Structures are given as structure tokens and as C-alpha cells.
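K.L.:
Protein chains in written order, with our numbering: chain A, 1 to 272; chain B, 1 to 320.
In short, the hints are calculated from the structure, not lab data.
Keep in mind that a hint or two might mislead.
Claimed, not checked - Per label pair, the in silico range of CB-to-CB distance: (1) A:43 to B:303: 44 to 50 Å; (2) A:36 to B:214: 56 to 62 Å; (3) A:80 to B:41: 31 to 37 Å; (4) B:75 to A:103: 44 to 50 Å; (5) A:73 to B:41: 22 to 28 Å; (6) A:61 to B:41: 45 to 51 Å; (7) A:101 to B:303: 27 to 33 Å; (8) A:227 to B:41: 37 to 43 Å; (9) B:267 to A:115: 24 to 30 Å; (10) A:230 to B:284: 26 to 32 Å; (11) A:61 to B:48: 29 to 35 Å; (12) A:101 to B:128: 41 to 47 Å.
Said to hold, decoys possible - Computed footprint of chain A on chain B, listed as stretches where at least three residues anywhere in the stretch have a Cβ under 8 Å from a Cβ of chain A: (13) 41-50; (14) 73-79; (15) 103-111; (16) 172-183; (17) 252-265.
To be verified - Facing chain A, according to a computed beta carbon distance under 8 Å, are these residues of chain B, among others: (18) 139; (19) 307; (20) 309.
Note that the structure is a prediction, hence the values are computed from the model and not measured.
We put the beta carbon where it would ideally sit given N, CA and C, even for glycine.
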Amino acid sequence: MQLSRPLQVVGHLVLLIICLSILAPMLIVVSTAIKLPNEVYALSLWPDVPTLQNFAHLFEQTAFGRYTWNTAGTTALRVAGQLALGVLAAYAFARFTFRFRDAIFALVIGAMMIPQVLTMLPNYILMAQLGWFDTWWALVVPNLATPIAIFLLRQHMMSFPSELIDAAQMDGAGHWTTLWRVIVPNLGPALSALTIIIFIDSWNEYFWPLLVTESENSRTIQIGLREFLQDDQDDYGALMAGIIFASVPAIAVFLFFQRRVMDTFVSSGLKG
Amino acid sequence: MSMLSPSTGATLNAVAPARRDGWLVSRLGAESALVPWLYLVPTLILLALFTYWPLLQTAYLSLVDWNMNPSQPTQFVGTENYGRVFGSTLFQTALLNTVIYIGASIPLKVLLPIPVAVFLWSLGTRGHFYRAILFLPTLISFVVVGVAFLWILNPIFGYAKQFFALAGYRLPNLLADPDAAIWVIIGISTWKVLGFNMLIYLAGLASINREYIEAMRMDGAGDLTIFRRLIWPLLTPTLMFVMISTIIFTMQQVFTPIDLMTEGGPSNSTTNLFYMIYQYSFVTFDVGGGAAGTMMLFALLMILALLQIRLFDRRAHYKQ
Numbered sequence: 001m002q003l004s005r006p007l008q009v010v011g012h013l014v015l016l017i018i019c020l021s022i023l024a025p026m027l028i029v030v031s032t033a034i035k036l037p038n039e040v041y042a043l044s045l046w047p048d049v050p051t052l053q054n055f056a057h058l059f060e061q062t063a064f065g066r067y068t069w070n071t072a073g074t075t076a077l078r079v080a081g082q083l084a085l086g087v088l089a090a091y092a093f094a095r096f097t098f099r100f101r102d103a104i105f106a107l108v109i110g111a112m113m114i115p116q117v118l119t120m121l122p123n124y125i126l127m128a129q130l131g132w133f134d135t136w137w138a139l140v141v142p143n144l145a146t147p148i149a150i151f152l153l154r155q156h157m158m159s160f161p162s163e164l165i166d167a168a169q170m171d172g173a174g175h176w177t178t179l180w181r182v183i184v185p186n187l188g189p190a191l192s193a194l195t196i197i198i199f200i201d202s203w204n205e206y207f208w209p210l211l212v213t214e215s216e217n218s219r220t221i222q223i224g225l226r227e228f229l230q231d232d233q234d235d236y237g238a239l240m241a242g243i244i245f246a247s248v249p250a251i252a253v254f255l256f257f258q259r260r261v262m263d264t265f266v267s268s269g270l271k272g
Numbered sequence: 001m002s003m004l005s006p007s008t009g010a011t012l013n014a015v016a017p018a019r020r021d022g023w024l025v026s027r028l029g030a031e032s033a034l035v036p037w038l039y040l041v042p043t044l045i046l047l048a049l050f051t052y053w054p055l056l057q058t059a060y061l062s063l064v065d066w067n068m069n070p071s072q073p074t075q076f077v078g079t080e081n082y083g084r085v086f087g088s089t090l091f092q093t094a095l096l097n098t099v100i101y102i103g104a105s106i107p108l109k110v111l112l113p114i115p116v117a118v119f120l121w122s123l124g125t126r127g128h129f130y131r132a133i134l135f136l137p138t139l140i141s142f143v144v145v146g147v148a149f150l151w152i153l154n155p156i157f158g159y160a161k162q163f164f165a166l167a168g169y170r171l172p173n174l175l176a177d178p179d180a181a182i183w184v185i186i187g188i189s190t191w192k193v194l195g196f197n198m199l200i201y202l203a204g205l206a207s208i209n210r211e212y213i214e215a216m217r218m219d220g221a222g223d224l225t226i227f228r229r230l231i232w233p234l235l236t237p238t239l240m241f242v243m244i245s246t247i248i249f250t251m252q253q254v255f256t257p258i259d260l261m262t263e264g265g266p267s268n269s270t271t272n273l274f275y276m277i278y279q280y281s282f283v284t285f286d287v288g289g290g291a292a293g294t295m296m297l298f299a300l301l302m303i304l305a306l307l308q309i310r311l312f313d314r315r316a317h318y319k320q
């Protein structure tokens, strides 16, 4: 589609302004993070003496190493668990007919429409009753069922060529073997896309860890940043180093799988 | 998993007559009506335990008086909590603020991206550079965004302050101003989600056949006519989706910048319903009040959902 000249100029101008307003804060953050304390309040974007001292300071002053371990560990467990349970449930919906199937499918998908705010109080109380408070259990287990993963994987399984499945079953493979040896190896794109979504979602989660983590046992990077903000409000150099450190994994994933991440996020409609 | 199958060594091309399922599945018989349920059980238990049962429990908790102390008995007080929360100035402020948050979100986050997305679409593959930048805020956590803007808006040394000073204007401390603070939060949440919504519209536009546009162009239609007669109607389903997801986003995700940057203040001017529920539940440990607030938010969400269906149902049926 070819727009008229004046519209094109206006369009580029608007887009450039939007992109600039997205990049400017990031530039300021990076610039502050590499400044020495005596330069932090200066307006210039490139410091006279660039330094990585703020990053070192961050890990000395806070338990950021431990928080990183908690975040990485719970994220890895969540990705593996959410994908495994998603594959199992999707298989049941895609390849079996059984009583109440459609009603149960509606119930599973309906859970997507129930925002966390509506269930947080009883879940918080439940964590305390189970003794899961301030442990990895509280971060991982309540998040393991993932309706969006079930929905997407079911779509992919239903369009899977049934000849392949018939052939496998002719060779004596049961449901379990068919699922893990024939279907799952062919779900590559869907699974890697979901991995990225779950990874970013889990890495960046704020509200639930805020409620159930209390100490170095389970506190994640995002909550560590909040704590740092409240304790050391003035150390802006180290704070900016902290937020860069917290953002690197997601941005790295993005740089590696640029197109796929974008397409997946957009087609699933999940917001980070 | 181990419950279901020890069949790790099985390969497909091994010709073996026996079924290669685990003992449990084969004992039940592979066609048994129970098999699908075995695959579903983990998910169903988790959803029941952490989503549906808590929903009912919230309804129950809204009728009791309890301070979350296990040694303290819960006391049934009927609908008293609803009256108390509804009558509080905190609730009225939070409700009004929620309306402002949503009201401001629709032009800024839902409508503004449409023309920009249409332009981006007209660029075709030349727009990739823009897209990559627009997507960046989606990757970064809201905590990071909040902390970054706290520094930029720092009332003494922040970049914003210093830039305005260069231009000879004295920037007031926006986050301490009850009239301005909510707009700071709205601005930041727009920053976070604008590019993402634009990319969703772009995905919606991608399904429009460009030949229609060439045909209209041939018939002498201008840009505006093409937009009004073709693009807008075909984009309505996407618009509805963006609207719903943006409202949920605004209700829920905005919690993070509120918590980090203003803690609901100054004088509750940035508190939304979610933050109010959080304060009732986890700051003052008034479980009944928090649960009653939650139920009222639930009701509001239902009303909004129904309204949207009524509003858009008529027009969302355009199919290609």
C-alpha cells in the first residue's frame, strides 16, 4: 500500500518520536550504570571515566547472587513443569473423546479469564498453611497449570497428521509412547515459543513473589530490586546496574530469537 | 510421569506386538475411559486448588471478620464488610481512579496505536527496524521500568528536571503532586504497552488482502476513505481484543508502578482497586475487607466484559 507523501512524512516523524521516547530512558539507565558516584548526577550521557564498579557494588551490597539463583532456578522449574503438564493435558483434549470433555476444556480455558487478584488472598493463606511460605514451592507449584499452553498445544496437536499416529500405533506404540516419541518431537516451534513466553513471564513476575517471598531463601531479582530501592534509595549507580542485570536475560533471548519471540507474543496476546 | 510409564527404552521402529505403555495404563486397557483423565489429572487438580476453589473461598472470606492470625477464630459478619468497604473514602477514591486509569487508557493505549500501526504496515518489510524497538518495553519487567523512571523523575537530580532546567522551565515534583501523580503512572504504563498493542494491530492488519486496497485506489479512493471503509471494519475484532487485554492490563499490571513509585499516594491519588485490595489484605490484614473489595472488583470486571460484548458484538462479525 502506497500512502501519499505528506502522510508518509508524518508517519515516519511520529514513529521516530515514539522510538526515541522508548530508547531515551534506556540510554539514561545504561549511562548512569557506568558512571562513578561523583558523576552520577551529571547530565552528560557518556561519563569521563566509564566504570563497572556499580555492578561489583551491587553484588557486594545485596544478596543479588542468591536472588539470581532463586529466579533462575524457579524459572527453569516452571518452564519444564508448565510445558510437561501442558503437553499432557493438550494430548487428552486433542486425541480422546470422553464425557464432559468440552465442558472441562471450557473450564480450563476459562481459568485464563480469572485475574490473579481474584484468588490471591486464599492462595496466600494456603501457602502459609502448607508451610510453603518463603520457599521455591510457593513460586513454582501454583503456577504450573497454564491454560494458554494447553490451548496452543492442543491446536498444534489437532493439526498433526493422523497417518503418523496410526502408523506408530500399528507398530505397537501406546498413547504414552506416541505422545512423547512421535508428537512432541514435532512440536518444536510451538514448544520453543511457549518456552520463551513462560521464561519471560516467570523472570519478570512481581506480584506473587512480593507476597510469598521474605528472605534470601526464595526472594527473586525483581523483589530484590524493590528491597534495594527502599534500603539504598541514593545509590542510583548500583540501582541502574541492578535493573540492567535483571533485564539482560530477556533481552538476550530476544536478540537470539528475534522474529519468533515477537510473532509468538503477538499471536498469543500475552503482555509482559 | 513416572507413575505412568517406565517405558523409556521404547523406540518406534522396533516391531513389537506388545503395547509399550506403563503398567498402569495397560492394566486399565488403553481404550479405557480412564486414560484421558490420567493425562488431565495434574492440570485439573492445580486449577481446582489454585484458581477455582480460591474464587469460592474469596466469596466466603468476604463475609467474615479475620486478621489472618491462625490462632484468631474467624467470625461470620454477613455483608457488613461490603458496606464498610463501599462506604470508605479509600474505596470511592480507588474506584474513581480506576475509572480514570481505564478512561485514559482507551485513547492512549487502544486508539493511538491504530494509525501508527497502519502506517507501519504500509512500510512492509522496511518497518522491521521500528518493530524491534517497539517491542523492547514488552521484554523489560515493570519493576525495571518503575525504578528507571523514579531515577529520571528524581525531584532534585533527575534527567527530566535537568533537561527542563536547560530549557528554562522549573519542573515540579510530579510524583508528589496529587493531581499529576496518576498521569505519571498512566504515562509509564502507556510507555510499557504502546508498542506491544501496535504489534498486535500489525498482526491483525497482516490478514487484510492488499489487493482490496489496490482495487479501491484504482477506483479513486483516498487514504481516509480506504481507512474508514476497509481497514477500520476489518480491524474491529483486533480492536476488541486489544481493548479487553488492555483493560485487564490496566487493572492488574499497573499495581507494580503504583507500589514502587507512589505506594498509592500522594493522599491516595494513585490508588486503584487492585492496590486498595492489596492494602486491605496485606498491609492492614483486614481479610474480610480485602475479600469484599475483591468481589466488588470481580463484579466490575463482569460488567465491563458484558458491556464490551454488547458494544462490539454487532460489529465484530466481519470476516474475510
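K.L.:
Each hint needs a verdict: does it hold in this structure or not?
P.N.:
Hint-by-hint comparison with the structure:
1. Our hint of 44 to 50 Å for residue 43 of chain A and residue 303 of chain B holds, since their Cβ atoms are close to 49 Å apart.
2. In this structure the supplied range 56 to 62 Å holds for residue 36 of chain A paired with residue 214 of chain B, their Cβ-Cβ distance being about 59 Å.
3. For residue 80 of chain A paired with residue 41 of chain B, a C-beta distance near 18 Å fails the hint of 31 to 37 Å.
4. Remark: the range hint 44 to 50 Å for residue 75 of chain B to residue 103 of chain A is contradicted by a beta-carbon distance near 37 Å.
5. Hint check: residue 73 of chain A to residue 41 of chain B, Cβ distance near 26 Å, so the stated range 22 to 28 Å holds.
6. Range check, residue 61 of chain A to residue 41 of chain B: about 46 Å between beta-carbon atoms, so the 45 to 51 Å window is met.
7. Checked against the hint of 27 to 33 Å, the C-beta distance between residue 101 of chain A and residue 303 of chain B comes to roughly 31 Å, which is consistent with it.
8. At roughly 38 Å, the beta carbons of residue 227 of chain A and residue 41 of chain B sit within the given window of 37 to 43 Å.
9. Taking 24 to 30 Å as the suggested C-beta distance range, the pair residue 267 of chain B and residue 115 of chain A conforms, at roughly 27 Å.
10. Our hint of 26 to 32 Å for residue 230 of chain A and residue 284 of chain B is violated, since their Cβ atoms are close to 19 Å apart.
11. Separated by about 43 Å at the C-beta atoms, residue 61 of chain A and residue 48 of chain B break the suggested range of 29 to 35 Å.
12. For residue 101 of chain A and residue 128 of chain B, the Cβ-Cβ distance of about 42 Å falls inside the hinted range of 41 to 47 Å, so the restraint holds.
13. Look at the stretch 41-50 of chain B against chain A: 7 of its residues bring a Cβ nearer than 8 Å to a Cβ of that chain, three or more, so the hint holds.
14. With 0 residues having a Cβ less than 8 Å from any Cβ of chain A, the stretch 73-79 of chain B misses the three-residue criterion, and the hint is violated.
15. Three residues within the 8 Å Cβ limit are the bar, and the stretch 103-111 of chain B against chain A gives 0, so the coverage statement is violated.
16. Counting residues of the stretch 172-183 of chain B whose CB lies closer than 8 Å to any CB of chain A gives 0, so the stated coverage by that chain is violated, three being the minimum.
17. Closer than 8 Å: that is the beta-carbon criterion, and the stretch 252-265 of chain B has 6 residues meeting it against chain A, so the requirement of 3 holds.
18. Annotation: interface hint on residue 139 of chain B holds; nearest CB of chain A at approximately 4 Å, less than 8 Å.
19. Here the hint on residue 307 of chain B is broken, as its CB sits about 15 Å from the closest CB of chain A, past 8 Å.
20. For residue 309 of chain B, the shortest C-beta to C-beta distance to chain A is roughly 13 Å, which exceeds 8 Å, and the interface hint is violated.
Consistency with the previously given hints fails for numbers 3, 4, 10, 11, 14, 15, 16, 19 and 20, ordered from lowest to highest.
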